[in-house]
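Can you make the complete structure from the sequences, with help from the hints?
Here are the chains, one letter per residue:
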Amino acid sequence: MEASNQIVIVGNGISGVTCARHIRKVDSQVKITIVSGETDYFFSRTALMYIYMGHMKYEHTKPYADDFWSKNRIDLKSGWVKQVDFDLKSLSFENGEKLSYDRLILATGSKPNKFGWPGQDLLGVQGLYSMQDLNSMEKRTSAITRAVIVGGGLIGVEMAEMFATRKIPVTFLVRGKCFWDNVLPPEEAQLVARHIKEHHIDLRLSTELSEILDDGNGEVKAVKTSTGEIIPCEFVGLTAGVSPNIDFLKNSGLKTNRGIVVNKKFQTNIPEVYSIGDCVEFTEAPGPDRKNIEQVWYTGRMHGETLAYNLTHDNQVDYKPGIWFNSAKFFDIEYQTYGFLPTSWGEDKWSFYWEDDKGKMAIRLLFDAEDRILATNVFGWRMRHEFFDTAIKEGWKADRLMKQLREASFNPEFYKDYHMEVVNKYNQEKGRDVQLSKKSIFQKIFGYNS
Amino acid sequence: MKILQKIGVLLTIVGLVIFTVTPFLGSYQLDEATTIAATKDIHNEAMVEVLRPMFGKLYTSNFAFISSFKDYFNSYNETLKSNQEWDKVIWDDYSFSITKASSIGPVKEHPLIFLSLSIGLTILGGLLYILPLYRGVPDGIKNDGIFFSSMMARGWLGMITGAYLILFYILLYWFPEYLTNLVLMVDPISIFLSGGPASQWFLYGFIYSFAIVVMGLRMFRKYKGNNYQLIRTTSVMFFQLSFAFILPEILVLFNKPWHDFKNIWPLDYSFFYEYRLDGMINSGALGMFMLIFGILLIVIGVPLFTYFYGKRWYCSWVCGCGGLAETLGDPYRQLSDKSVKSWQIERYLIHGVLVFAVVMTGLTITNYFMGFELLGQATDQLHSIYGFAIGSIFAGVVGTGFYPFMGNRVWCRFGCPLAAYLGLVQRFKSRFRITTNGGQCISCGNCSTYCEMGIDVRWYAQRGQNIVRSSCVGCGVCSAVCPRGVLKLENGDEEGRINDMPIIIGNDSVKAKL
Ligand SMILES: Cc1cc2nc3c(=O)[nH]c(=O)nc-3n(C[C@H](O)[C@H](O)[C@H](O)COP(=O)(O)OP(=O)(O)OC[C@H]3O[C@@H](n4cnc5c(N)ncnc54)[C@H](O)[C@@H]3O)c2cc1C
Ligand code: SF4
Ligand code: SF4
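Quick mapping for you: the protein sequence lines, in order, are chains A and B. In terms of full-length UniProt numbering, the first sequence opens at residue 1 and continues consecutively. In terms of full-length UniProt numbering, the second sequence opens at residue 1 and continues consecutively.
To be clear, the hints were calculated from the coordinates, so they are not data collected in a lab. Remember, predicted model here, so these are calculated numbers, not experimental data. Backbone N, C-alpha and C define an ideal beta-carbon position, used for all residues, glycine too. Among these hints, one or two may not hold up.
Claimed, not checked - Here are some of the chain A residues that sit facing chain B, going by a computed Cβ distance under 10 Å:
hint: 1; residue: 22
hint: 2; residue: 44
hint: 3; residue: 51
hint: 4; residue: 56
hint: 5; residue: 65
hint: 6; residue: 165
hint: 7; residue: 168
hint: 8; residue: 199
hint: 9; residue: 299
hint: 10; residue: 325
hint: 11; residue: 334
hint: 12; residue: 354
hint: 13; residue: 385
Rendered as structure tokens:
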């Protein structure tokens, strides 16, 4: 272990906080300081929507009680870092304060994309990433007649849901032919689009934003779409993705590209300076089918765990994520995915897709030519992470997977069991003969699985 | 809001206003025959003498009547006490029965009309509001705007509701004589069910049962699509209506003691009191059955069912207190405190009450079988302390009155000795746990926020640890509100149930244990 004894982490998001906690678990001595300008305490960014919808307040979104930090001797410093002097090993804050470090961890997260649309800096035009964004959204949308959302990703749907709960009419502009069709195969994309419309969202597919119009006072009054239509509105949500939040680090000697460039040990080009979370760009993707920039909660957490391990152990490890997984919720429909499931595939793979008769529940399973399970997309049906993690790692064969699917179900008790229906369709469509054994009454009543 | 729902709200308010003013209607007049009918034979003579000055006088309000009654009655007792004539002092409290019997006026003459206009309108209004809820809206979580709501987020509406409930409980427990008109209203129903007139407890049971049924229907609307919630709610509605409300009245009709078969000691703290034991022992085969069934529930039923299903089999499926909390109290579940501090207080308090109940009952039984040689009537003192502090203040006034301030499970979490007992079994010997789903938690906090027992569910979920907590009543709402499908209530193998050092799936670089 190195002698240097002041670790400073810029960013109190999931990656920075996880890293700090895990360092502290192993090393009770080292001084740890977490810096952030956004909020005094770590909160769950993924819960921003619930504050706007009145499901929770800010304090409910804090995963740790306020005294957790002092108990664990993790210092919290509030303020925006304006500049980093890597030679002097010192941070300078916007208010002129300075803070020196021995080891620095940059975990600065993302910021919403803006693609240079005319009018993108008008009042009432914004993304949704930070607490500040949420507050300004709250202020801007208290009395509006319509909101337009640009960009059909996960944050876009969340924003649509937020407005829907406040009865604010929403027009949702999506570039793709179907919703989120750069991630979802067509059937899934359609299922989601149907559900969005069921919530009375004016969903415009294959439509782009061309201009945001000024009302003369620097506020938005309407948007103009790629079809030439003008849609009056007082708020425009920009949700066309996010990119690493690294502007203040440009030209500082730190190597950056789209994000802060790191190797598999989260080391930057400067010794003792590391980076984790959304703001990171790997020189080499951390695994097959994985991207060089990973911008989800779970990867941020794993980055933090891994770096903390390396900072507290002599044997250094590479970041090696396991089977990919993710989840989201489209209004009322939960979505989970395990393994990497592309939008289309060639002859060397095949898939099985089942949807319930209401069109709100679905499962897609992707197999390779040898029948081994590769990935799944599931809608409206909770699945056990452990089940699919194991099945995919071990390459379970299609028939076995179908037979054991009930064990995978993570739905609450008394939910309808669709296993039989799914297997029937599978047998029919693929000419297989998977037989299910029925649960005995005893098993049903006492919940014994074996 | 649809027009029908607005009418519903209006009717509810009108019903509640009528319910609130009803106790103050009418006038009161006492005569000799009424006095004799309302008092025990041994007190007939004395009471007639004491109250004679009131006979024939018309009192225009219950305040005037009751205060006059108390003046005469108390001065009679005071004189005896100062003369040390203890055996002549009348210890019975006749204020309720005398006041009830003396009521004249509209409520007495038309009880059913008043019942319809007060409780009836409230129920009708409630139904008009509840049944159209979420029509045409897809199934899903319906928590929108809860923290903007004055009623549900400790705003002035919540404060007023809480204050109203507290006041109602105080009157009900200690000043029922002021509620006699309300009791008169339900007399016909009591007579229909059990053949006898209503007491304030019948009124309470009546309101209680309807609260569970009407607000249970609200649960059906709110949690539509979630079968666990639907079935569980049906269960508490059933147990309240049948076991707690109708069945005991029918027992009374057949001259058996009032008995709620699903109420288990030590929640049913008077189960081993002398009068209850005598009542059961003197009621033939059925009485014996009550006694044996009650004891079997305590020694076999609780551990066995809790082993298989967790304490939820009782707390959120059967119990009356739980039933009210899960229906009437559901709008307030997010107000429970999640801090470690309150978890500490909870453990001291609830186990303290359990110890109190066990010791008190132990002394009572020993005393009973020693023919009262051990402590004489001293256990009565204990009983009245427990009944006052725990049975009335804690379980009633605080338990329900504090819904809008501290959430719907204050009693169940901090006070109920049966919950403590069930909880010990659940914690140490049970197949029940809440499983967390690998690495899927996003720490959003919905689960913790909506846990009525104040369990910080997220703390476990985000580190991939099963939730095995003695207080969890298995309401299933944490699982329902989780947007990422992380939580599942399960009965399963004991092995691996408690995983203190969980591993979150997904990261192959290090196996982080935290
Ligand atoms: C609305 C929304 C919903 C989401 N939902 C999901 C989801 O359901 N599932 C999922 O996997 N992911 C989701 N994400 C993505 C996920 O939240 C991010 O991937 C994750 O929060 C990134 O964590 P991080 O620690 O890298 O950075 P962040 O959480 O962004 O934390 C970085 C912190 O550093 C601070 N900071 C940056 N620069 C400076 C500076 N110069 N000085 C001081 N402080 C600075 C920032 O203000 C911020 O507080 C969502 C994101 C949003 C915005
Ligand atoms: S509600 Fe679900 S995702 Fe949110 S903190 Fe709880 S377990 Fe995690
Ligand atoms: S942990 Fe979940 S199931 Fe248990 S009481 Fe809390 S919300 Fe209900």
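Tested hints:
1. 22: 6 Å, holds
2. 44: 4 Å, holds
3. 51: Holds, because the Cβ-Cβ distance from residue 51 of chain A to chain B comes to roughly 8 Å (cut-off 10 Å).
4. 56: Nearest chain B Cβ about 5 Å off; hint holds.
5. 65: 7 Å, holds
6. 165: 4 Å, holds
7. 168: 13 Å, violated
8. 199: For residue 199 of chain A, the interface hint holds, since the closest Cβ of chain B sits about 7 Å away, which is under 10 Å.
9. 299: 9 Å, holds
10. 325: Since chain B brings a Cβ to about 6 Å from residue 325 of chain A, closer than 10 Å, the hint holds.
11. 334: 5 Å, holds
12. 354: It is violated, given that the least Cβ distance between residue 354 of chain A and chain B is near 18 Å, above 10 Å.
13. 385: 3 Å, holds
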